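> Listed here are the chains, written in short residue letters.
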Amino acid sequence: MTRGTSAHLADGKDTLPTMRYLSLLLLFASGCSSPSHHSYSQAAPGPGFPAPPMTPVGRGAPVVGQPGHQAPEYPRSPHRRVLPPANEPGLWAADVPRAARAGGYSPTVLDIPIPLASDASLEDMLPTTECAAGMDRAARRVVAKDALSRMALTVRQCLAARLVHRCTSSFMQSLEAGRMDGHYDAEVFRRWRAANATAEAFKSASCEGVPVDPALEKSIIHAWQADLWRGDE
Amino acid sequence: MSELVSQAAADAEQERSIREWLDGMTPDQRRALIDASNRRLAQLKAKILAEIHAEGITEQEWIARQHAAYAVAQAGLKGPDNNAPQASIDESSKE
Chain A
1 MTRGTSAHLA
11 DGKDTLPTMR
21 YLSLLLLFAS
31 GCSSPSHHSY
41 SQAAPGPGFP
51 APPMTPVGRG
61 APVVGQPGHQ
71 APEYPRSPHR
81 RVLPPANEPG
91 LWAADVPRAA
101 RAGGYSPTVL
111 DIPIPLASDA
121 SLEDMLPTTE
131 CAAGMDRAAR
141 RVVAKDALSR
151 MALTVRQCLA
161 ARLVHRCTSS
171 FMQSLEAGRM
181 DGHYDAEVFR
191 RWRAANATAE
201 AFKSASCEGV
211 PVDPALEKSI
221 IHAWQADLWR
231 GDE
Chain B
1 MSELVSQAAA
11 DAEQERSIRE
21 WLDGMTPDQR
31 RALIDASNRR
41 LAQLKAKILA
51 EIHAEGITEQ
61 EWIARQHAAY
71 AVAQAGLKGP
81 DNNAPQASID
91 ESSKE
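Protein chains in written order, with the working numbering: chain A, 1 to 233; chain B, 1 to 95.
So here's chain A without its partners, still in its complex pose (with noise of 0.2 Å):
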């Protein structure tokens, strides 16, 4: 027994510098997962968590440690950006054109196109595509077809847009007069108003720095003057 006792007196010795580095070790453990030191700097999160918000596809990595909460986004601006047209062929570009596939055709003044104003209803196209209609058949007329196709493409274009705008200005003011004489439809009145308007854009757009063949000018202007006396087609 007292043998016994010496060894493990002798022992407690031995194990004593053991025993302190565990309960230093233990000390050390339990202070570290106090609540009372916590130093994150996120909080906890509380029994009742709710589920992280839902991370769209491609927005990015989420914040380390809570997958999918992420910064709010900006709030996008209500002014839309408004692309110029691409000179670009578009996706459906080698398509035959519906246009052309289902038989549409554009007014055209010696195979000029001729535009109609952009928020047009039928209505409103009719006076463009009559002046269009009788402008090219008195172009016909007087210009000869060599000539036609001897002439560069800028003035043409120039001459079918200055006499479209000649037929429209023409109609307005015949309007204008008419309306000094008691004889006065709005809507008429209207729907010319917004072809010549068209028509004077087109032109300016067409002729800038393109001279102008007067006498040829007046020849078609002569024929097309004949024409409207001639009679309903």
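Bear in mind the hints are in silico, worked out from the structure with no lab data behind them. Bear in mind that the values here come from a model prediction, so they are computed numbers and not experimental data. One or more hints might be untrue.
[Stated by the list, open to error] Residues from chain A that face chain B, not an exhaustive set, calculated with beta carbons under 8 Å:
#1 Pro113
#2 Ala120
#3 Glu130
#4 Arg166
#5 Ala205
#6 Cys207
#7 Ser219
#8 Ala226
Backbone N, C-alpha and C fix where the C-beta goes; we use that ideal spot for every residue, glycine too.
Starting from the known structure of chain A, fit chain B onto it as the hints suggest.
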């Protein structure tokens, strides 16, 4: 071609010519001119509506075709660079 003039000179001449033309008409003649024009527009509208009806499309679709046809025709006249039109129109492209 005869003598060429500037746009401004041609515009001034056009304005004078229209005024002269209108002044040469009596009010009844001007009225008859407008009435004749209105009849032609009514005929044109009836023709277009018949076409719309025959094709089974709406007016809006017909209008959209006009704009598309214009864009196609303009693109046919000009190359990729809209500021550089062709020197002449291919005769074979004419209808």
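> Restraint: Cys207 of chain A near chain B, CB-CB cut 8 Å. Satisfied or not?
This interface hint holds because 5 Å falls under the 8 Å limit.
> Double-check Pro113 of chain A for me: the hint is only fine if its C-beta lies closer than 8 Å to a C-beta in chain B.
Holds. Min distance 4 Å.
> Close enough to count: is the Cβ of Arg166 of chain A nearer than 8 Å to one in chain B?
Holds. Min distance 6 Å.
> Can Ser219 of chain A be said to touch chain B, with a Cβ gap under 8 Å?
violated (10 Å)
> Given a cut of 8 Å on the nearest C-beta pair, is the interface hint for Ala226 of chain A held or broken against chain B?
Violated, because the Cβ-Cβ distance from Ala226 of chain A to chain B comes to roughly 12 Å (cut-off 8 Å).
> Can the hint on Glu130 of chain A be confirmed by a CB-to-CB distance to chain B that is less than 8 Å?
holds (6 Å)
> Hint Ala120 of chain A vs chain B: min CB-CB distance below 8 Å?
holds (7 Å)
> Minimum Cβ distance from Ala205 of chain A to chain B below 8 Å?
Hint on Ala205 of chain A: violated, closest Cβ of chain B at ~11 Å, above 8 Å.
Against the hints set out earlier in the document, violations occur for numbers 5, 7 and 8.
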